[in-house]
Amino acid sequence: MRALLPAQGEGQPYHQVEFTLDYAASALHEVAHWCVAGEARRQLPDYGYWYAPDGRSADQQAEFEQVEVKPQALEWIFARACGLKFRVSADNLENGLGASDPFKKAIWQQVLDYCDTRPNPRACAFAEALMKEFGCPNPFDRGSYQLADLS
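Residue numbers for the sequence shown follow the working numbering, so the first one is 1 and each next one is one higher.
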């Protein structure tokens, strides 16, 4: 499945973000990638990211974790903004490689950084809209995030 299909003129005048049917976490994750991507990357299919399918090697998994810290940190904030539980995604079920402890810690630290400095305006606007829609507390309250929640 593709995550982003860029606009293609009259037949598809808007960008289209795709996610796994009926999974809110999937939608929040893909929007997080949209928020992280710069203007040029938002014009590319799948934001220009490489993607190795399920069954990645340990080296490929380490590279996956490196590029997923910021999107998964935003996904956690978005999940908190709409009252959902966040689960770290290692996205590698076939090899049984779960999320590493350093990956979890990096996501948690990135969330705390976002709480202190705020992410870009797109991410802030989305989080605030979710918070208002779902009546949840401020998702930028750093006290709401504990590393132990990711185990």
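Keep in mind the hints are simulated off the structure, nothing from the lab. Check each hint, because a few of them may be wrong.
[Said to hold, decoys possible] So the derived label-pair ranges between C-beta atoms look like this:
1) 142 with 98: 20 to 30 Å
2) 133 with 101: 10 to 20 Å
3) 101 with 40: 29 to 39 Å
4) 59 with 109: 35 to 45 Å
5) 87 with 142: 15 to 25 Å
6) 57 with 101: 17 to 27 Å
7) 39 with 148: 32 to 42 Å
8) 144 with 58: 13 to 23 Å
[As the list claims (entries may be wrong)] Keeping only pairs whose Cα atoms sit at most 20 Å apart, straight-line, the calculated SDA-like set for lysine to any residue is:
9) 70 with 27
10) 70 with 144
11) 105 with 38
12) 85 with 112
13) 132 with 115
14) 105 with 132
15) 85 with 142
16) 85 with 42
17) 132 with 84
18) 85 with 63
19) 105 with 60
Where a beta carbon is used, it is the ideal one built from N, C-alpha and C, also for glycine.
Taking each numbered hint in turn, which are not upheld by the structure, reported in ascending numerical order?
Hints 2, 4, 8, 11, 14, 16, 18 not satisfied by this model.
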